[in-house]
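Using the hints provided, position chain B relative to the given structure of chain A.
As given, the protein sequences belong to chains A and B, one line each in that order. For reference, each letter of the first sequence is one residue, going 1 to 398 in the working numbering. For reference, each letter of the second sequence is one residue, going 399 to 541 in the working numbering.
Misleading hints may appear alongside valid ones.
[Unchecked claim] Some chain B residues judged to face chain A by a derived CB distance under 7 Å, without partners named:
1) N410
2) V414
3) P429
4) V430
5) I434
6) K450
7) F454
8) G455
9) C456
10) G457
11) G492
Derived from the structure by calculation, the hints contain no laboratory data. Ideal Cβ placement from N, Cα and C applies to all residues, glycine included.
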Amino acid sequence: MGAQRTVYMDHSATTYVRKEVVEAMAPYHAENFGNPSSIYRIARESRRAIDSARAEVAKALGADPDEIYFTSGGSESDNWAIKGVAFANRKKGNHIITSAIEHHAVLHTCEYLEKEGFTVTYLPVDQYGLVSPADLEKAITDKTILISVMYANNEIGTIEPIAELGAIARMHKVPFHTDAVQAIGNIPIDVKAQNIDLLSLSAHKFYGPKGVGALYVRKGMKIDNLIHGGGQERRHRAGTENIAGIVGLGKAIALATADIEGHNRRIRALRDRLLTGILKTIPHARLNGHPEKRLPGNINVSFEFVEGESILLWLDDEGICASTGSACTSGSLEPSHVLLATGLPVEISHGSLRLTLGSVNTDADVDFVLEVLPKVVSRLREMSPLYKGGKEGGCNVQ
Amino acid sequence: MYSEKVMEHFRNPRNVGEIENADGIGEVGNPVCGDIMNIYLKIEKNVITDAKFKTFGCGAAIASSSMATELVKGKTLEEAWEVSNKAVAEALEGLPPIKMHCSVLAEEGIHKAINDYRKKQGLEPWVEKNPHSHEHDEGTCQQ
Numbered sequence: 001m002g003a004q005r006t007v008y009m010d011h012s013a014t015t016y017v018r019k020e021v022v023e024a025m026a027p028y029h030a031e032n033f034g035n036p037s038s039i040y041r042i043a044r045e046s047r048r049a050i051d052s053a054r055a056e057v058a059k060a061l062g063a064d065p066d067e068i069y070f071t072s073g074g075s076e077s078d079n080w081a082i083k084g085v086a087f088a089n090r091k092k093g094n095h096i097i098t099s100a101i102e103h104h105a106v107l108h109t110c111e112y113l114e115k116e117g118f119t120v121t122y123l124p125v126d127q128y129g130l131v132s133p134a135d136l137e138k139a140i141t142d143k144t145i146l147i148s149v150m151y152a153n154n155e156i157g158t159i160e161p162i163a164e165l166g167a168i169a170r171m172h173k174v175p176f177h178t179d180a181v182q183a184i185g186n187i188p189i190d191v192k193a194q195n196i197d198l199l200s201l202s203a204h205k206f207y208g209p210k211g212v213g214a215l216y217v218r219k220g221m222k223i224d225n226l227i228h229g230g231g232q233e234r235r236h237r238a239g240t241e242n243i244a245g246i247v248g249l250g251k252a253i254a255l256a257t258a259d260i261e262g263h264n265r266r267i268r269a270l271r272d273r274l275l276t277g278i279l280k281t282i283p284h285a286r287l288n289g290h291p292e293k294r295l296p297g298n299i300n301v302s303f304e305f306v307e308g309e310s311i312l313l314w315l316d317d318e319g320i321c322a323s324t325g326s327a328c329t330s331g332s333l334e335p336s337h338v339l340l341a342t343g344l345p346v347e348i349s350h351g352s353l354r355l356t357l358g359s360v361n362t363d364a365d366v367d368f369v370l371e372v373l374p375k376v377v378s379r380l381r382e383m384s385p386l387y388k389g390g391k392e393g394g395c396n397v398q
Numbered sequence: 399m400y401s402e403k404v405m406e407h408f409r410n411p412r413n414v415g416e417i418e419n420a421d422g423i424g425e426v427g428n429p430v431c432g433d434i435m436n437i438y439l440k441i442e443k444n445v446i447t448d449a450k451f452k453t454f455g456c457g458a459a460i461a462s463s464s465m466a467t468e469l470v471k472g473k474t475l476e477e478a479w480e481v482s483n484k485a486v487a488e489a490l491e492g493l494p495p496i497k498m499h500c501s502v503l504a505e506e507g508i509h510k511a512i513n514d515y516r517k518k519q520g521l522e523p524w525v526e527k528n529p530h531s532h533e534h535d536e537g538t539c540q541q
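Bound-form chain B, shown alone:
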């Protein structure tokens, strides 16, 4: 059901944990829906120098968190903002359709953490280009 890449990131997730005094924190998801993702970013001179995560969820949710944090590390905030859920899913060599919302959650987690940082800096938060109404666009599990 999962690609080798997903399983590899599930078995050996990168960047698990919290960052003390993180510069940006993004908390997304809902335990009722079976997935919660917390993203922690360390930001120096507009560059993400470290990214960590804590996730409650299925294999795809854990692998997406791992891959998303890998993808944004070392990027400028502008570049990191452009890392889409599709990019996360592609880097994982695909996700089953029912699990795509896990990659959406990862994208939202990164965005929320970046905007958390911007707000703390007194900056205007960036606006989602393609807002997802909520991360679960099928079924009845709503925020």
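Isolated chain A (complex conformation):
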């Protein structure tokens, strides 16, 4: 209401589309709109644009272009990787290993497969959200046909030891999938060196358009199709290609991976200043996730005695866009499964706030949040029956 400015700190939810990406996409709406499956000139131009985007994605991952398949986004890529490998290898076994903190696109797909007769091991995580390679190794049986562990967590930003997990999977000859939706542009990825067999990505997390993503499938993998129909994507993913989207994805991934170090340095500096400021000015606040092994723009903090949605509503009034792991915004009554998996008490999980910084953020944004947030938390604490002026431990009043 009447916000003077907008401070966008929800880059893990989605990003704006970079100007260069919008420009690259522009010709593929009204001019070069041809169906790449057709034979005439404008169609050939569409085909060429898709091939060139495919090469960009391959380059960003250290893969071959014919190992890249375009999809409608991260959720489709996750569904395809997991269902596709599970169903194709059903005769070999029915055991899948994943982690307790995956995105719902992975978790709900695994739950669906459990109904279809598969068994799933959900690896626990430590207090920082890290999966243990030793736990993975112990969980593998001769029936294990797929391991899926996310590259970096979307809520708490924890970066998993993917290369190590991949090496274990490779040693046991089990296909290894990683949901890298949050990692692209933040972490250098090399699918060959990191023993990754399948990788999901989504353009709108790295300044590309929504509704387009990709799945990397290492050559020789046994995987069923998810979308049946025409012969697009070398007969593996039917549906007329989203040409403009694919072009946007190609451009965005090239830009996002051109200077990961430089991007990280700038974002991390802003993030660290914001985090330090929050922890210094707001008592009874704690950082969720790993102190170092975390995405450069991610802050996830819990404020005791207050509830996350209330914080978000006040921040929104001031023009600050953020998110929370509280139940009250998710349409369910359970707080974030990720925070709970790290062992954070339920009542404290309700008071979590996620701020994810990205390209648009400036020092002035950090100053503004540091000016507003302490006031918001203190105002809510004043009306909280759990808050006794910080004299008591607080949450376990009942």
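Structure of chain B alone, referenced to chain A:
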């Protein structure tokens, strides 16, 4: 997602605080579920002369506390007992379905505070006409 009225009461909640030596106190909710409401009533000659609240919860929980305390002020205990969760939600120009339990919590908080007063007076507590099994009738968050 919220009506203007909800946002107005969230931004400027009425009656925040505690009443010292309150005549009736109602504590409802559960921090595990993400909402706790404490209602404090000052009662003189069977009339609620002041009502205050302290709430840990979402926007709807805070707005419901604010509206419920407004609605019962100046009412006799009999009248205040009749202030239903629906009345609270209607006065707030509606709540999203998933947030209706916040208005239920407010009704329960008022009832509990009234009965706290009655017990202190040596009176029989009133019985809930439409008992809510617990304030969270969906999901797994139970008392």
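Cross-check of the supplied hints:
{"no.": "1", "hint": "N410", "result": "violated, 11 Å"}
{"no.": "2", "hint": "V414", "result": "holds, 5 Å"}
{"no.": "3", "hint": "P429", "result": "holds, 4 Å"}
{"no.": "4", "hint": "V430", "result": "holds, 5 Å"}
{"no.": "5", "hint": "I434", "result": "holds, 5 Å"}
{"no.": "6", "hint": "K450", "result": "violated, 10 Å"}
{"no.": "7", "hint": "F454", "result": "holds, 4 Å"}
{"no.": "8", "hint": "G455", "result": "holds, 5 Å"}
{"no.": "9", "hint": "C456", "result": "holds, 4 Å"}
{"no.": "10", "hint": "G457", "result": "holds, 5 Å"}
{"no.": "11", "hint": "G492", "result": "violated, 17 Å"}
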